[in-house]
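Quick note, the sequences are listed as chains A and B, same order.
If you count the first sequence from 1, position 157 lands on 157 in this note's numbering, and the numbers rise without skipping.
If you count the second sequence from 1, position 258 lands on 258 in this note's numbering, and the numbers rise without skipping.
These aren't lab readings, by the way, just hints derived from the structure by calculation.
As the structure is a prediction and not an experimental result, all values here were calculated from the model.
The reader is advised that the hints may include incorrect statements.
Below 30 angstroms or equal to it, Euclidean Cα-Cα: the simulated BS3-like pairs (lysine-lysine) are [said to hold, decoys possible]: (1) A/K10 x B/K166; (2) A/K179 x B/K258; (3) A/K65 x A/K110; (4) B/K499 x B/K523; (5) A/K82 x A/K175; (6) A/K61 x A/K110; (7) A/K74 x A/K153; (8) B/K523 x B/K418; (9) A/K111 x B/K502; (10) B/K418 x A/K10; (11) A/K110 x B/K569; (12) B/K569 x A/K153; (13) B/K258 x B/K335; (14) B/K523 x A/K10; (15) A/K10 x B/K169; (16) A/K65 x A/K82; (17) A/K72 x A/K82; (18) B/K166 x B/K499; (19) A/K175 x B/K569; (20) B/K523 x B/K169; (21) B/K258 x B/K16; (22) B/K418 x B/K322; (23) B/K569 x A/K10; (24) A/K153 x A/K82; (25) A/K82 x A/K179; (26) A/K153 x A/K175; (27) B/K258 x A/K10.
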Amino acid sequence: MTSLLPPAQKNWWAVPVGRQEIIWIAIALVWCLIMFFMMPLWHMYGNQNIPTEAYKVTPAKYQAKVNEMIEKYKVREETAMKIPVVAPPDGADVYLLARLWQWYPMLELKKDVTYRLHLNSIDWNHGFSLQPVNINIQVVPGYEMVLNITPNKAGEYTIVCNEYCGIMHHAMLGKIWVKE
Amino acid sequence: MAQFRQCPDTGLFFHKEAENLMKANAVAGVVCLLIGGILALLVVLTRWPAIHLLPADSFYMVLTAHGVCALIFWMIFFEMAILYFAGSTLLRSRLATPRWAWAGFVMMVIGAVMTLAAIFGGKSSVMMTSYVPMRAEPHFYLGLVIFAVGALIGCFVYLGTLVVAKNEKTYEGSVPLVTFGATTACIIAIFTIASGAEILIPTYLWSIGYISHIDPAMYRLIWWALGHSSQQINVAAHVAVWYLIAGVIFGARPMSEKVSRAAYLLYIFFLQLASAHHLLTDPGLSVEWKLFNTSYAMYLAVLASMIHGLTVPGAIEVAQRKKGLTNGAFEWLRKAPWGNPVFSSMFISLVGFGFLGGISGVVMGTEQISIIIHNTIYVPGHFHATVVIGTTMAWMGLTYLLIPVLFRRKMIFPQAAKLQPYIFALGMSMVAVFHMAAGTLGVARRHWDMGFAGNPLGFEYPATAYLLMGIAGIGGVIGVIGGALFCVIAVGSLVFGEKLQKEAGLLQSFGVPLADSAYTNEKPARLPMAPAEAVEADHGESGFEAPGTFILAMVLLVSFVIYYFINWKYLSEVWGIS
């Protein structure tokens, strides 16, 4: 039971390491470094990177920005709750608000156009989970996050909330339409 | 005067006070596992779309309790038992300040009961993570704080025991590798608990109105230094248990003390950085911070796990080859004692942790890949592979080992015990794999209804997602059956198992001291160093000591590489984000 006993040599740190372990450690280390450098490389050459742009914001201020955008670019309303649908101009700042238990408003975007999507929650943590593409972003109250997003396929998309936010969490949905 | 008894079967020495503390902590752990398992069944049957058992409010309450019970209480209680075992029994030392250790244990019990009472009161369904500003009842946080302080006392008792053992010269040379690993776990535990205090004490004060505001982003950052690091205690401890079981069953000698201990040292330095894994899609964190932390500083902790992944089975292979099992690459493995639940639990833990938990964990912890995985049910899939197949199965193997040695009872239902690890592993592997698969289709975690009942907008996950969640549900039920079998065998053995020593009565199974006649006042002989190795006669083919293990390690690496780049491919197909 020698793993339960003190090492056989008092100077166990000076005992040479076998060839097999050295080879494995070398291989594993190379793989670890490859994995590490993939991340900065993707920042340089990849198209999916979470930006660091974010601002501290109060619920009232953020709500005001959302309302201003809706006033300017509202195109129609959806469902019995009359949730506004906003079609912002190319490259515009788009403000999406998360609250119990709704994504507000709905958005109509164009394919291959880049928008500045702002995300904020005015109450608890929420999770922006865009389906069926499966993009998932944490939405933290008090922090307005700005993502430059470029839809690459037309269609109807649903925003699911995937951060637990109370009893009606499962019913918190939003919509984004992407047009050609 | 410290009293000891020697186990006649294994030669291990048990200090009277330490022995009772080990029993009490292990039993408390198994009770928490039992509760956690019952709750798991309710969670599984609700997330299985065709059954959808509980209403939403009970589901979130049960899910909160399941997380806290299984992920915190079961693990930490059992880890206390492991610390006392590694500090006192393995070093043949008396335990330092047993009264403090009992005080710590009592605090842990009080804390656990308090938090569970808050959850089952129905007003603290905030999940284990309890992200502010969602508010739980004050005693939810207070219970966790009391539990953590109790565990902290246990950690210091362990460190004190190391000092006692050193001063009283109870062992020759350096501490055994298993104790070294337990010390790693202890150090990580202290960091973890300090982080927990740093965030849960202010949150408690906030919940009773003494603090007006807790920043939600800061909360997440510090909470995860508790939440993720607590799982790293498990990793360090269950790797120590792998070495322990390899030593007990095979007499395996670590391939290299230096390599294994250096790997543990990497854990101490880098493993706790992983709190960043949970924050990769959070607002405002710099890229440099995320890259450094999420990769444990260039994946040095992953390197450590890959090293243990070679050296643990490698040590077994070398020991088996010495016994003459030298045919081909895998005779040593084929002829391993697969019918012994101590070994099978341990080996499944090793393989499952590496292939399912390890690979998926590194992939999802890659900064950008987190975008397609964060908060989907992929995440629970991953950590059921690490903490259930990995840690829990290692603890189960250790329990089977300890029933005769520590509790002095013969295990009941030996035939069922042979099968138990396989049933449990099958079920939990299904849970892990199919949840991960459903996560890639976007199914959310911590979500009562994937059909979104009550929302007029309408959205349907693909039919495949429902199928995958159904299969995961079947796996969950199988897993619960396997877990229940374990609880029946473990608790049943303590109550009904044949006594291996006349003093081992019913109460003695639960921490009451054995009669004095079982112990002697004689100090155990000093723990000798391992016998010096005989000259290496046969190095196996290609000059490698453990060629079979090397092949297994390469299979792991190839799977790892393929799976890693597949996920980059998936990521490249989603909308541009910059």
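Broken hints, by number: 2, 8, 9, 10, 18, 21 and 23
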